[in-house]
Each structure stands twice: as structure tokens, then as C-alpha cells.
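Trainee: Given next are the chains, with one letter for each unit.
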Amino acid sequence: MTESTAIPNRIVNAAVTVIGRQGLRASSLEDIAAEAGCGRATVYRAFPGGRDEVMYATLMASVDSIFSACECAAQCYCEEDCCCSLGESVAAILQSASIEISSHRALQRLLNDEPGVILDLLMFERFNFVLEKASFAAVAYLERFVSADEAAKIGEWCARVVIENLRAQHPGFDLTDLAVCRQLVDTFLVPGIQRNSGGN
Amino acid sequence: MDPELRRDHVIETTIRCIENSGLRAISLDDIADAAQVSRATIYRYFPDGRDQLISEAVTREVSRFFGQIESELEDVDELAAKFRITLMLGAKGIAENQLLQQLLSTEAEELLPELDMATTVVQGVIRSMIVEELHAGIEKGELRPDLDVGFASDYLGRMLLSCMSTAGQWDLSDPVSINDLVDRWFMAGIRISD
Numbered sequence: 001m002t003e004s005t006a007i008p009n010r011i012v013n014a015a016v017t018v019i020g021r022q023g024l025r026a027s028s029l030e031d032i033a034a035e036a037g038c039g040r041a042t043v044y045r046a047f048p049g050g051r052d053e054v055m056y057a058t059l060m061a062s063v064d065s066i067f068s069a070c071e072c073a074a075q076c077y078c079e080e081d082c083c084c085s086l087g088e089s090v091a092a093i094l095q096s097a098s099i100e101i102s103s104h105r106a107l108q109r110l111l112n113d114e115p116g117v118i119l120d121l122l123m124f125e126r127f128n129f130v131l132e133k134a135s136f137a138a139v140a141y142l143e144r145f146v147s148a149d150e151a152a153k154i155g156e157w158c159a160r161v162v163i164e165n166l167r168a169q170h171p172g173f174d175l176t177d178l179a180v181c182r183q184l185v186d187t188f189l190v191p192g193i194q195r196n197s198g199g200n
Numbered sequence: 001m002d003p004e005l006r007r008d009h010v011i012e013t014t015i016r017c018i019e020n021s022g023l024r025a026i027s028l029d030d031i032a033d034a035a036q037v038s039r040a041t042i043y044r045y046f047p048d049g050r051d052q053l054i055s056e057a058v059t060r061e062v063s064r065f066f067g068q069i070e071s072e073l074e075d076v077d078e079l080a081a082k083f084r085i086t087l088m089l090g091a092k093g094i095a096e097n098q099l100l101q102q103l104l105s106t107e108a109e110e111l112l113p114e115l116d117m118a119t120t121v122v123q124g125v126i127r128s129m130i131v132e133e134l135h136a137g138i139e140k141g142e143l144r145p146d147l148d149v150g151f152a153s154d155y156l157g158r159m160l161l162s163c164m165s166t167a168g169q170w171d172l173s174d175p176v177s178i179n180d181l182v183d184r185w186f187m188a189g190i191r192i193s194d
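Chains as they are written, first to last, in our numbering: chain A, 1 to 200; chain B, 1 to 194.
Please note: incorrect hints may appear among the correct ones.
[Claimed, not checked] Partial chain A-side listing against chain B, Cβ under 7 Å, derived:
{"id": "1", "residue": "R109"}
{"id": "2", "residue": "L119"}
{"id": "3", "residue": "M123"}
{"id": "4", "residue": "F124"}
{"id": "5", "residue": "F127"}
{"id": "6", "residue": "Q169"}
{"id": "7", "residue": "H170"}
{"id": "8", "residue": "P171"}
{"id": "9", "residue": "F173"}
{"id": "10", "residue": "D174"}
{"id": "11", "residue": "T176"}
{"id": "12", "residue": "L178"}
{"id": "13", "residue": "F188"}
{"id": "14", "residue": "P191"}
{"id": "15", "residue": "G192"}
Because the hints were derived from the structure by calculation, they are not lab data.
Predicted model, so just to flag it, every value in this text is computed and none were measured.
Even glycine gets a Cβ: it sits at the ideal position worked out from N, Cα and C.
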């Protein structure tokens, strides 16, 4: 890690910890600076917009951490000699996104105490940003199975399923359980996928 | 005045107050003044006061929204067509709802949790409507007999709401795009495949 990204990263990590502990509204710039072990001036140098900019960067970093977890799951299933199916890969991606979200203390804290902040990213027009990001990521994860266009649609489907589940959890729909992910993917996604050829 | 009517009148007045001045700026006194009732009357009908009024007002608007869509589905038989019409009217209704769009641009953080809660209530209604549709479809031999109806209705209800509120890669004003969406993400998993 270079010097220029080390400090912003440290501040964002500190903000994740502070928000997880005390929620967003009650987290001041001073709290975050103290957690990061630096002064206010250092925070302002890295984030000239102050607290708002730190919070925005922190939310984006949290979204990125979910995508990183998905990438990890996709890669594990994408070894050259791997014999898994498209359905298995997609189910693993769904599960890893759900586990990352349910174990992310700052996100859980916001969902419970200050849901407006998160919902603003996840409802109506604003949610297109997350859907586009998921489509883009899925093209890389799934290109060995389907066309880029098809992979982009699958990525969008995954983001919708994970986020709807986050908004209204329902017994029997626990996406941290791989078997539930498999059932969902095999029943509702796979039959509608258009294949390039007759292959797997 | 009949208690039900009076209660109703207060909720409708709250909706008009939100239209005029947004969510944050409204006080219980404003609503009492506009409805020409006393604070005590409001507390008798709505013991939790302002918060309860706002959440009931939002729930009423959301139910009205879905009620209008439901009335358009009365003469439609085919399940796929019901999904298509719901998506098209839902997306159109959201885009054209001026109060919603105005509150989203100015008071999203206040509105969204209320809307989310109201939608959860409506989602229960949508789910049970889908359950009926699925049973009827299985009966008629059009849908897979081994379908897990509870699981399927949950998925279909969520996907319906997700797609109508955020279009993603689909164009919900284009019948071809809607047709493709319903075919892939709604019908493919539940109909009998050939």
C-alpha cells in the first residue's frame, strides 16, 4: 500500500469501526480521527469535504467489501480445472454477499438504527448504481459460462435478490445458507438463462 | 361524526399536509388545525401521535397505489400478463407520482424507512395473491405441480417490487423488454417446461 492511499484507508476503516459501535449520526469527525490515531487536520487533508465525505467514502467502501467477497467466491469456483456449474457459482456468490452483509457491523447498525441512510442507496433510481456495479462485476465472474450480456443480467438478478432479502427478511429465505441459494438459483434463475450453445 | 369516518378524515388530512409542506416540517398541531379537531381527539385515535399518523398516511397511499394496479388486473386471466401489467403500471405510477418524487428529492432519509415499512405490509398482501394464482395455475396444469408455493410466492413478490421500483437494464415502458423480463425471471421457473 502506498503512502497516498494508506491514510484514507485507515480513516475509512476507523469510520467503519466507529459507525459499528455508535451509529452514523452519533459518529463525529473527532471520533473517527481518534480511532484512526490521527488529528482532525489529517482527516481534512485526506477528505476535504469533512465528515460527509468520510461517511460517503465509508459507505462506498462497505459496498466494495461486499463485491470483494463475491469476487472471492467467484474465483474459488473459477479455477481452470473446476467442474462446477453456472448455478453453483452464482449460488456461491449470493451466499458470500449475504454473509458479508450480515457480518458487517456498521451496515447492520445502520440498517437497524438509521435505515434511511442505507435505503437511499437501495430504493428507486439510486439503486441503479448498485445494479450497474453488480452487472459489471458479473461479466468478469461468469464469462466462462455465458455471454457478457447474459452475465450482466445475472449480476443484476443477484443484486436484486440479495438486497430485497436485506430489506425484508423472511423465514425460509436465509441466503447465508448455501442450500437456500442453490434452490433459488436453480428454480428461478437457471431456467431463464439463454445459453450461447447447448453446453453447460 | 362516526369514529371510523373521523379517523379516516384525520389520515386524509395528514396526506394533504404532507403534500403541502413535506414530512419533516409537519407537527401534530398543524394536522389538528387542518383537520379541525383537537389534539386530544388525535391522540384518542392515534395514541402514538405524529409518528403513527405519518406511518398510517404513508401506508394508506401505498395501499391506494397497489389497489389501483389491482383493479386493472380484474379482467386479466393469464398470470404472465398480470406480471407484465403490474410491472408496467407500477413503474409508470412511481415515475409519475409527484408527491413521491418530490419527497425522494428532498426528504428521502425520512421517507424511505416509512415507505419500506408500508411496502412490507403490502408485500404480504401481494404474496398471498400470488399464492392463490400459483395454486390456480397448478390446478389448471399450466404451472409445475412440484412447485414450492410459499418459496415461489416470496421470490416472485420481491422480484416484482424490486423491478417496478428500479428498472436496471430493463425498459419497463417497452412491451418487448417487459415480456423478456417476465419470461426469464418470473415464468421460466414456475411454468411446465417442454
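Trainee: Give a verdict on every hint.
Mentor: Status of the hints after comparison with the structure:
1. R109: This interface hint is violated because 15 Å lies over the 7 Å limit.
2. L119: holds, 4 Å
3. M123: holds, 6 Å
4. F124: Where the cut-off is 7 Å and the nearest Cβ of chain B is about 5 Å from F124 (chain A), the hint holds.
5. F127: Holds, about 4 Å.
6. Q169: violated, 10 Å
7. H170: holds, 6 Å
8. P171: Violated. Min distance 10 Å.
9. F173: holds, 6 Å
10. D174: violated, 12 Å
11. T176: Violated, because the Cβ-Cβ distance from T176 (chain A) to chain B comes to roughly 16 Å (cut-off 7 Å).
12. L178: violated, 16 Å
13. F188: holds, 4 Å
14. P191: At 4 Å from the nearest chain B Cβ, P191 (chain A) passes the 7 Å test, so the hint holds.
15. G192: holds, 3 Å
This entry does not satisfy hints 1, 6, 8, 10, 11 and 12, going by the numbered hints stated previously.
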